[in-house]
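Protein chains: 2
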Amino acid sequence: MSMNDQIIATYWLETALSLEQASEIIVSEQSTGTFLPLPNETDSLKMSHRARIISIEQLDISSFPSLPGAKVPPGSKSEYRRGIVKIAFPYANIGPSIPNLLATVAGNLFELEELSGLRLLDLELPRQFLQRYEGPRFGITGTRELTGVHGRPIIGTIIKPNIGLTTDQLRQIVRELASSGIDFIKDDEVHGNPPYAPLPERVKAVMEEIERAADRTGKKTMYAFNITDDVDPMLRHLDTVVNSGGNCVMVSINSIGFAGLAHLRKHAPVCIHGHRNQWGMLSRYPYLGMSFTVYQKLCRLAGVDHLHVNGLNNKFYESNASVIDSVQACLTPIFNPTDTALPVLSSKQWAGAAPETYGTLRTIDLMNIAGGGIHAHPGGPGAGYRSLVQGWEAALEGIPLEVHAASRLELKQALETFGEK
Amino acid sequence: MSMNDQIIATYWLETALSLEQASEIIVSEQSTGTFLPLPNETDSLKMSHRARIISIEQLDISSFPSLPGAKVPPGSKSEYRRGIVKIAFPYANIGPSIPNLLATVAGNLFELEELSGLRLLDLELPRQFLQRYEGPRFGITGTRELTGVHGRPIIGTIIKPNIGLTTDQLRQIVRELASSGIDFIKDDEVHGNPPYAPLPERVKAVMEEIERAADRTGKKTMYAFNITDDVDPMLRHLDTVVNSGGNCVMVSINSIGFAGLAHLRKHAPVCIHGHRNQWGMLSRYPYLGMSFTVYQKLCRLAGVDHLHVNGLNNKFYESNASVIDSVQACLTPIFNPTDTALPVLSSKQWAGAAPETYGTLRTIDLMNIAGGGIHAHPGGPGAGYRSLVQGWEAALEGIPLEVHAASRLELKQALETFGEK
Chain A
1 MSMNDQIIAT YWLETALSLE QASEIIVSEQ STGTFLPLPN ETDSLKMSHR ARIISIEQLD
61 ISSFPSLPGA KVPPGSKSEY RRGIVKIAFP YANIGPSIPN LLATVAGNLF ELEELSGLRL
121 LDLELPRQFL QRYEGPRFGI TGTRELTGVH GRPIIGTIIK PNIGLTTDQL RQIVRELASS
181 GIDFIKDDEV HGNPPYAPLP ERVKAVMEEI ERAADRTGKK TMYAFNITDD VDPMLRHLDT
241 VVNSGGNCVM VSINSIGFAG LAHLRKHAPV CIHGHRNQWG MLSRYPYLGM SFTVYQKLCR
301 LAGVDHLHVN GLNNKFYESN ASVIDSVQAC LTPIFNPTDT ALPVLSSKQW AGAAPETYGT
361 LRTIDLMNIA GGGIHAHPGG PGAGYRSLVQ GWEAALEGIP LEVHAASRLE LKQALETFGE
421 K
Chain B
1001 MSMNDQIIAT YWLETALSLE QASEIIVSEQ STGTFLPLPN ETDSLKMSHR ARIISIEQLD
1061 ISSFPSLPGA KVPPGSKSEY RRGIVKIAFP YANIGPSIPN LLATVAGNLF ELEELSGLRL
1121 LDLELPRQFL QRYEGPRFGI TGTRELTGVH GRPIIGTIIK PNIGLTTDQL RQIVRELASS
1181 GIDFIKDDEV HGNPPYAPLP ERVKAVMEEI ERAADRTGKK TMYAFNITDD VDPMLRHLDT
1241 VVNSGGNCVM VSINSIGFAG LAHLRKHAPV CIHGHRNQWG MLSRYPYLGM SFTVYQKLCR
1301 LAGVDHLHVN GLNNKFYESN ASVIDSVQAC LTPIFNPTDT ALPVLSSKQW AGAAPETYGT
1361 LRTIDLMNIA GGGIHAHPGG PGAGYRSLVQ GWEAALEGIP LEVHAASRLE LKQALETFGE
1421 K
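Those protein sequence lines, which keep their order, are chains A and B.
Heads up: the first sequence is residues 1 to 421, going by the working numbering.
Heads up: the second sequence is residues 1001 to 1421, going by the working numbering.
Please note: incorrect hints may appear among the correct ones.
[Unchecked claim] Here are some, though not all, of the chain A residues that point toward chain B, as calculated from beta-carbon distances under 10 Å:
#1 L102
#2 M234
#3 N310
I should point out that these hints are in silico values taken from the structure, not numbers from a laboratory.
Where a beta carbon is used, it is the ideal one built from N, C-alpha and C, also for glycine.
Given only the sequences and the hints, what does the whole structure look like? Please build it.
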């Protein structure tokens, strides 16, 4: 089996058995094997189709199990060994299909009683996956071209309030934002196609305002319409956006699945803005689920151009270290330099956050989205946008915020309003 | 807001705040609200679109958090309150869309730092969801008609070994099984459309054998072909199966997502056999994720006819109590008596398991799938199937297995081979 013919999955696991035994059980469960010997399970079949343990690295031992229902061998101590295990699955068992890949590398493994903890940490895929998945259509370069933003992060906002605006109220907000020349606006993920404000009506109003503002400012704001839905309605929403001159759609990736995302990528001539809501369900408990490393690879392969990664000092549970890792993961090529996705920083973002964000991440290939930090700016959302641009100017030029703010009203107001009192 | 105009989500939650505060944060996060007051967030908007707490039931207090990253208010003791909270979301915010429903009732909630545990326990949906989702096309009654099995569970097997059989080996196995008159056969979930044995080739071989056996026995075995894949290939595989006379397809639900499942339901004139692999990732840690109650409702609404529920005394971590609950959930109507799905019992199933299964579950509306228990039967897989039928005869008639086995060779052999020594 050459490197090109295998899929390598890296797991963190915990077991009351030996790490070797537990790894063998994973191999049997997900390639060939059952609890009884089988007539057709020949040696030659096993040779070609059985997965294979590449390496086992022992870590610490825990005195209690991280997950319930784990089996302890009779007579053994209550000790749960932890380790990192790499397993190679034959590519020939699967083919270039993310849905089938998941049935193998994840499958029933999380339910095994021989394991008291399991997390899929990484996946190395052979290039055959490129036969089906083309990765981001626009990615970072394409998004910069469409927005005309160079030399700094792309700055945007979420429509707020999340839900409940009439189309006319939405129109007013977009008018003000687009007139200010803001780079990017997105729908909230809880706002899809609700009965009281159907998407086609909203798309029409938003695009009229964006085009009108572009005529005056020369800059066309990118708007990510939330087209999350079942497959056919999602593609209908996509058509609505494209036919109205929109250049971006947003989806809740976990609502439509990787299969839905790959399907959208095939049809979408516009940017795909990927929201990762529901991600906490797959990841917050450290001894179960999947790492963001794996998740973002599959999202990018399936075609997202932008991917949410939370923000530094966010309102969620996630540490800054984890956010930093996520940003770096999105910016690391998988197969090609163009298959990176723009990391989207959001949550508690505002003008004053730029220096720490830049100082920590040392990249401008970011999308920086502020909700309250733009909408609640005392000068209005347009001023809120300008304050973020000014905050990033200061960050990139290494000028203290207060110094830069001396001659910039919007940044000054932002520091007064949102800064630490 | 009338009962028909709301979606009621029930959560188990854990928080270092009061349950009331934590519930209000959920409401704000997923309906209207941000960390700063917003100009357009009027009282009338909140009235129509804000979610609302229906009830809060206090449970125990834990001295440590179930999930990492939870915030403890300054000066407060390290106490984590647990409770059951019901929240009503306005249907008007969402519309009849499972993908958008999930972005609201799950969304970012699992990542909130104000929560140290969150599990979605139940969902009550208004009938408007029936506008889009028709539920199972065949369900229990339809599956019985297609298989011709009445008065007992539908008995079947998985193709084993899981992976690696040539199409010709597969043909031999199916020939023997179909000749024995077995009710049902399914592909393994790790076997989709691999390069070495493409689905079209397998479908042709399998259906030839099934039709040939049916000509002799008068009974057409139902075969669930694993068509799990991205959207277009999945529908191509569906066409292959339908055009070859197949009457069932299988999907890994979590690989294609609820959106993929609903899309398949729209196109499939055949039974949909739902495999829940990857489910452990969403459910094994009791303080995160979602209950099977919620999961199976969404699966059924989106259109599964059969749904895997593990088996009693299974090889996985799951308790019998949990399996029993799952079976009952699948058999409980949501909107209509016909929207139940056939619970599929698998894992460590064999002839001798029937009496306990029937004694515990008290229903015959089951699919009972045995892998090793059929394939490793000393008389061959055909004898394995007959042993399960005989085991169920004994269970249903209340006859001890050994007594029934006295005049039934296959059951006798099964008891000798698989019974406790």
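Status of the hints after comparison with the structure:
| no. | hint | result |
| --- | --- | --- |
| 1 | L102 | holds, 5 Å |
| 2 | M234 | holds, 7 Å |
| 3 | N310 | holds, 8 Å |
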